[in-house]
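Just so you know, the sequences run in chain order A and B. The numbering of the first sequence is this note's numbering, which starts it at 1 and goes up by one. The numbering of the second sequence is this note's numbering, which starts it at 150 and goes up by one.
Treat the hints loosely; a few may be bogus.
[Unchecked claim] Which residues of chain B face chain A? A few of them, derived with a C-beta cut under 8 Å, are:
{"#": "1", "residue": "Phe162"}
{"#": "2", "residue": "Trp164"}
{"#": "3", "residue": "Ala249"}
{"#": "4", "residue": "Asn263"}
{"#": "5", "residue": "Leu264"}
{"#": "6", "residue": "His328"}
Because the hints were derived from the structure by calculation, they are not lab data. Ideal placement from N, C-alpha and C gives every residue a C-beta, glycine not left out.
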Amino acid sequence: MLDLLVPWELPLDQPLAGRDRERVRQALRQLLQALREAEAKQALQQLEQALAHIGEIPVRPAVPATTSTPLRVAEVSDYDRYFGLQHVHTPSDACCLVRGLLVTCHMFLTLCSQGAALRPEHIEQQKQGFRSYASLLVRVFHLTEQDVA
Amino acid sequence: MTTVPSQQLWRGFHWSFFIDIQGLLICLQRFEWHLDQGRLAQAQTELETAESLMLASSAAMALCGSFSRDDYEHQVRPSMAPPHVQSDDFSGLMSWEHAALMQVWKRMRQRFQNLPAALQPQHERFVQAYLRLARSHRDVCEKFGGAEGGSLRYERTSAVETLDKFRQNRRSWIDPAHHVPDEPI
C-alpha cells in the first residue's frame, strides 16, 4: 500500500525541527545513497534501513467531501483501490511524504532487479527523477545539500 | 532472473508515475510562488526540477508498458473492468494526483504566457519534456492496440486519437504562446 498525502495538502515550504528534521534528513541521505549503489541488492538494503529508521507514520484515511477537481470521490476511491494507494491525513506530513518516496523507490528497484526487458535509459531517467524529488524535499524542508550528502 | 507478472509491472511502475506527479505538484507551485516574489533564480531551479520529473514520468510510463500486447489484452486490461473495479469506464484520468496537476497547469497558463525572458529557455526544456511524456504515452498505447481500438473510457474514438487531443489541450496550458515547435507524430 502506498500512502499519499491529499494532492491539495502537500507541503510546499515547511521548515522542520527536532526529531522530524533528523528523520527526514537521514531518510533522504539514505535514499540518495541507495540511488548511487551499482548493485540492486545493496540499494534495496539501504532503502530498507531508511524505512526502518523513519518508522511507521500514524495515518488515517482521508475521507474528502470533494476532490476539488472534476473527479468524483468514488472515482478516486476506485482508482486508489486498484493501484494499492491510500490518500491520508497525518500529523507528520514531512515523514509521510518521504516515506512514500522511499516505498516507491523500493518498489521501483525491486521490479527493475527482477527481470523483464526494461530499457536502461528509462531506469536511469526515473532514478534521476527520484534524485530530483529528493533535492526538492531538501528545499521544501529547509535542509541543505550538505545535510543529505 | 524471474519473469515479473505483467500486472505487477503495470501497478508497481505506476507508483513511480504517481510520485513523479506529486513532485510536479510541489515544484510547480513553488515555481509560481518564487515567480510572484520576483525570485527568478529560485523559480528556475523549480522549473528544472519540473523538467526532470516530467522526463521521469515519461520513463515511468514506458516502464509501465514493459510487457507484451497479449499480456495487456488478456491480463491487464480485463483487470480494469468490473467486477475487478467499480467503474465501467475506468481510466487513468481517475488519478487524483493527475487531475490536480491538470488544474494547476490550467491556472498557470497566464504565467507561462508572460514569463520573464530569463526563464524562457528553461520553460522550453520543460515543454519539450512534456512532449516526450506525451510521446511515451502514445507509444505505449499504440503498442497495446490503441491505434485500432478505443480507450477504456472513450470507446468510439481510437485511444491514440484521444491522447493526441489531450496533448493539444495540455500543451495549450503550459505553452500558450507555442514557443516550442511540435514534434512530428
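Evaluation of the provided hints:
{"no.": "1", "hint": "Phe162", "result": "6 Å, holds"}
{"no.": "2", "hint": "Trp164", "result": "5 Å, holds"}
{"no.": "3", "hint": "Ala249", "result": "4 Å, holds"}
{"no.": "4", "hint": "Asn263", "result": "22 Å, violated"}
{"no.": "5", "hint": "Leu264", "result": "20 Å, violated"}
{"no.": "6", "hint": "His328", "result": "23 Å, violated"}
Violated hints, listed in ascending order, are 4, 5 and 6; each of the other numbered hints is respected by the structure.
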